[in-house]
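S.K.: Here the protein sequences come in this chain order: A and B. Residue numbering for the first sequence follows the working numbering, starting at 6 and increasing by one per position. Residue numbering for the second sequence follows the working numbering, starting at 170 and increasing by one per position.
Each hint should be verified, as a subset may be incorrect.
In silico lysine-lysine, DSBU-like type, Cα no more than 30 angstroms apart, as pairs [what the hints assert, rightly or not]: (1) A:K41 to B:K195; (2) B:K270 to A:K294; (3) A:K294 to B:K195; (4) B:K195 to A:K223; (5) A:K324 to B:K270; (6) A:K367 to A:K324.
Honestly, the hints are just simulated from the structure, not real lab data.
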Amino acid sequence: MLRKTALHQSHIDLGAKMGEFAGYDMPLYYGEGVIKEHEWVRSHCGLFDVSHMGQITIEGEGVAQFLEKLTPSAFQPKAHGRAQYTVLLNEEGGIIDDLIITRIDDNKFFAVINAGCKDKDIEWIKSQLPSTLKFKYLEDNALIAIQGNWAERILHEVLEIETDDLPYMHMMQAQAPNFDTMYISRVGYTGEDGFEISVPNACAEEIWSKLLDHSEAKPIGLAARDSLRLEMGYALYGHEINAETSPVEAGLSWVISKKTEGYFGYDRIAKERENGTENKLVAVKLIDKGVARDGAELRNEADEKIGWLTSGGFSPTLKESIGIAYIKSDAANLGDKIFVNVRGRNIAAEIAKTPFLPAKTKSMKKKAA
Amino acid sequence: MAEFKFTQDHEAIYVDGDIAWVGITKYAQDALGDLVFVELPEIGKALSKGDEFAVVESVKTAAEVYSPVDGEVTEANQAIESDLDSLAKPLNEGGWIAKIKISDPSQLDDLMDQDKYDEYVAGLD
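My request is simple: use the sequences and hints to build the entire structure.
M.R.: This is how it looks when you write it as structure tokens:
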């Protein structure tokens with residue numbers, strides 16, 4: 006039996022093509038198709054039901070130190086409301102999940118974890134939890150992502166919520182007329198400016214419908230969510246990252262604090278930072294026609310395997326085929342020509358830069374007062 | 170006389186003498202969603218019934234197109250490479266992917282006609 010989010014019936018009513026994702030019955034796309042949805046987010050604004058993701062809080066004296074054991078990022082210096090993208094590490098330095106952790110106040114943090122990793126994450130965190138800390142799984146909360154250059158205006162026009170002072174990677178509490186308190190984070194998975202709104206399940210449907218009534222907002226399914234994140238080169242758990250990959254080889258060294266060293270997998274990560282890794286994550290762009298999907302082999306001029314695609318597909322914005330791949334660290338540099346083997350045929354490709362197009366997320370810097 | 174035939178894998182076939190014009194049905198196109206690329210066969214390629222001869226890629230997935238009969242590829246529709254929308258047209262008005270010279274016409278008897286195919290598709294949903 007598939008699990009359902011609080012917005013499940015709305016998706017059915019909107020005529021969504023539903024499909025299974027991480028044990029949930031989720032909208033893959035709505036009436037107009039994936040490319041139209043993708044383009045709408047890039048040009049206007051899309052609403053995504055991401056309630057299948059897990060929302061948790063950890064609370065108590067010493068919680069920041071605890072997070073510095075679970076992840077390689079620094080949490081003690083974080084200001085209230087500051088959100089940090091990071092990874093949960095296992096004892097071998099492999100990635101259990103990637104997540105965004107936000108400081109609510111001195112002793113309380115909020116995190117959003119992947120739907121498919123939810124159960125193991127919770128089990129892992131609880132197994133490590135000191136008795137002084139309290140863990141909560143916010144089962145009764147929905148999560149709505151609103152992404153695109155209209156997002157800020159729509160929140161203002163529909164919910165009377167002002168976000169112009171909320172910088173990228175920050176969270177605020179907000180009170181819309183006649184609604185419970187919501188937590189609004191300026192984050193996303195599309196490369197557009199936008200927000201994720203955590204609201205109680207009980208009012209999720211009403212907020213979703215009100216936002217959708219705005220002429221510039223449309224519902225967007227998981228298929229376009231994937232093509233949007235692929236254009237930004239964002240990692241997707243189970244593809245670019247898994248329990249064996251370290252944040253160093255996955256190109257996530259920027260989440261690793263140079264000041265903390267008490268986290269799981271420190272030895273491996275320190276060593277990899279020093280000596281490099283066998284493989285590295287790169288962006289790939291197809292030069293010849295075709296589409297390459299995850300699992301396709303990368304080959305060199307001599308037709309030797311030098312890597313493999315972890316994600317791949319067609320970019321609706323660039324009208325080109327793009328992908329993310331692991332490649333032997335010494336095998337190729339930016340701009341080098343390689344081949345991607347699709348159904349036995351070598352398609353010419355090149356090592357590209359991520360993001361494939363510039364992100365439009367707001368700067369982390371606060372506006373000048 | 171020309172006629173339309175269908176396979177269970179949703180190939181559509183327009184039979185014109187000893188030539189089969191092969192494409193994919195509207196049902197298949199709807200299931201695939203936005204199309205982004207088609208890989209065409211080489212001219213002269215010999216095919217057995219059931220052999221893959223083309224691939225239609227959509228945003229979501231890749232779908233192989235199988236030969237409905239034994240035969241040989243005589244033509245590939247280059248026009249659809251740059252205009253995938255024309256796959257939605259009737260086979261004999263631009264919606265074909267490849268033309269296959271039929272070696273054993275009796276194999277056509279195994280294919281469904283329009284009524285049978287409609288009934289088959291109705292049973293899938």
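S.K.: For every hint, state whether the structure bears it out.
M.R.: Now for the hints, and whether the structure bears them out:
no.: 1; hint: A:K41 to B:K195; verdict: holds, 19 angstroms
no.: 2; hint: B:K270 to A:K294; verdict: holds, 27 angstroms
no.: 3; hint: A:K294 to B:K195; verdict: holds, 24 angstroms
no.: 4; hint: B:K195 to A:K223; verdict: holds, 26 angstroms
no.: 5; hint: A:K324 to B:K270; verdict: violated, 34 angstroms
no.: 6; hint: A:K367 to A:K324; verdict: holds, 25 angstroms
Hint 5 from the list above is the single one not met by this structure.
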